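Number of protein chains: 2
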Amino acid sequence: MKKYAVIVAGGSGSRMGAAVPKQFLLLKDKPVLWYTLETFLAAYEDMEVVLVVPAEHVEAAKGVVDATRAPERVRLAVGGNTRFDSVRKGLEMIGEESVVFVQDGVRCLTSGALVRRCYEQAVRLGSAIPVVSSKDSVRLVKGDGSIVVDRSLVKLVQTPQTFLSSILLPSYRVEYREEFTDEATVVEASGHAVHLVEGEVNNIKITTPLDMLVAERLLS
Amino acid sequence: MKKYAVIVAGGSGSRMGAAVPKQFLLLKDKPVLWYTLETFLAAYEDMEVVLVVPAEHVEAAKGVVDATRAPERVRLAVGGNTRFDSVRKGLEMIGEESVVFVQDGVRCLTSGALVRRCYEQAVRLGSAIPVVSSKDSVRLVKGDGSIVVDRSLVKLVQTPQTFLSSILLPSYRVEYREEFTDEATVVEASGHAVHLVEGEVNNIKITTPLDMLVAERLLS
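In order, the protein sequence lines correspond to chains A and B. According to my numbering, the first sequence is numbered sequentially starting from 1. According to my numbering, the second sequence is numbered sequentially starting from 221.
Hints were generated in silico from the structure; no laboratory data involved. Treat the numbers as computed from the prediction; the structure is a model and nothing was measured. Careful, some of the hints might be misleading.
[As the list claims (entries may be wrong)] Calculated lysine to aspartate or glutamate pairs in the DMTMM-like style (CA-CA distance at most 20 Å, straight line):
| # | chain 1 | residue 1 | chain 2 | residue 2 |
| --- | --- | --- | --- | --- |
| 1 | B | Lys362 | A | Glu188 |
| 2 | A | Lys62 | A | Glu38 |
| 3 | A | Lys142 | B | Glu418 |
| 4 | A | Lys135 | B | Glu399 |
| 5 | B | Lys355 | A | Glu198 |
| 6 | A | Lys135 | B | Asp370 |
| 7 | B | Lys362 | A | Glu179 |
| 8 | B | Lys248 | A | Glu216 |
| 9 | B | Lys355 | A | Glu178 |
Throw the hints in and build the complete structure from the sequences for me.
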């Protein structure tokens with residue numbers, strides 16, 4: 001089935017304390033975003049990418065795309081004010097009867113194996129949301145206190161959140177709601193169950209300087 | 221108030237794929253456990269440490285203790301079959317009217333500032349359980365499916381779990397139960413509320429080779 005990756009790179013980098021948004025920070029001389037693009041372009045020969053960036057980053061993003069293995073398979077879209085809006089903008093550029101991967105631009109350590117695992121499950125079940133278990137104990141805040149929860153039941157959600165276009169596209173034909181914190185919540189709101197798939201411990205999101213150090217080591 | 225740290229170093233290292241248990245793996249020429257010991261010994265001049273290890277690691281543990289700044293403030297105890305048993309063995313060696321820190325031996329990046337924050341809150345409220353928020357979205361498995369939970373309400377639990385001895389010691393005078401996954405759950409089972417305190421993103425537990433890389437970078 002045809003494959004599209006909608007890669008959302010809208011961060012402002014404020015949490016890094018850096019002037020450069022984190023998707024453009026360099027890891028071994030390449031921007032974080034370059035690794036993310038490469039992973040998806042390499043995973044499947046017929047993968048097409050829609051890269052969604054804020055208007056002010058279009059030029060920088062073009063530079064990153066041009067350095068990838070297949071710039072001709074990447075199109076740019078200008079994002080909106082929220083993650084939901086940005087994904088919706090990206091979805092306007094994809095075709096029907098496909099599998100769609102929605103990926104954080106700053107999740108640059110996703111493996112090709114995970115991309116393919118998500119694809120296969122999405123074809124079979126309609127969706128694939130990669131998750132890993134917490135290795136720490138987990139508590140839920142309740143009122144003034146907190147309760148412990150069985151950590152084997154707590155799943156930390158990663159990307160690519162992957163769906164059949166026949167499920168994802170209609171789900172996004174709604175108004176934005178506050179509970180839409182990721183793509184899975186949008187799809188659920190339209191009445192579809194979402195299916196989890198085993199993610200990867202190393203598939204981290206770059207949000208702090210520590211994450212940059214980790215990513216640098218993992219890429220070495 | 222008098223301070224005791226019960227440092228539990230009972231892991232077998234199987235998750236690291238290494239023959240050496242993770243608490244003895246070297247970070248910049250020092251064992252992981254050495255850093256943990258140093259943090260607690262340095263945090264307060266009157267801190268005493270009870271280091272709980274399996275019988276087969278007593279000799280190795282002695283070597284680590286001797287390399288610290290204050291071996292005379294560290295005593296060894298032989299651990300039990302479960303975390304609960306090991307902590308209980310350690311608690312047999314501490315005095316009344318004190319604050320007790322229970323620490324994972326492989327959590328070697330805990331800062332002195334966090335130790336002091338836990339101390340101050342435990343004196344004031346009776347307990348201090350360091351937690352951080354998840355930066356990933358979180359889902360809870362329910363039956364065949366899963367539900368999303370507000371990630372601001374999900375707290376990942378760290379150590380040192382810190383208590384007044386007047387709360388912790390009586391709480392451990394019970395039989396082991398399966399729901400005793402950490403010290404907080406034991407204290408709660410005896411009818412005490414536990415109080416959370418802000419932990420540290422860098423206060424990671426060394427369980428995978430990736431964690432070793434991170435720790436090495438953070439110590440550089």
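Evaluation of the provided hints:
A C-alpha spacing of about 15 Å is found between Lys362 of chain B and Glu188 of chain A, which places the hinted pair at or below 20 Å, so the restraint holds. Taking the CA atoms of Lys62 of chain A and Glu38 of chain A, the gap is about 14 Å. The hint holds against a cut of 20 Å. Under the criterion of a C-alpha separation no larger than 20 Å, the hint pairing Lys142 of chain A with Glu418 of chain B is consistent with the structure, at around 16 Å. Between Lys135 of chain A and Glu399 of chain B, the direct Cα distance comes to roughly 16 Å. Compliance with the 20 Å bound is thereby established for this hinted pair.
Distance check on the hinted pair: Lys355 of chain B and Glu198 of chain A sit about 18 Å apart at the alpha-carbon level, within 20 Å; holds. A hinted pair counts as satisfied when its Cα atoms are at most 20 Å apart, and Lys135 of chain A with Asp370 of chain B qualifies at roughly 19 Å. Between Lys362 of chain B and Glu179 of chain A the CA atoms are separated by roughly 19 Å; this keeps the pair inside 20 Å, and the hint holds. For the suggested pair Lys248 of chain B and Glu216 of chain A, the alpha carbons sit about 18 Å apart, so the restraint of at most 20 Å is met.
Of the pairs offered as hints, the one joining Lys355 of chain B and Glu178 of chain A holds, with about 18 Å between alpha carbons and a cut-off of 20 Å not exceeded.
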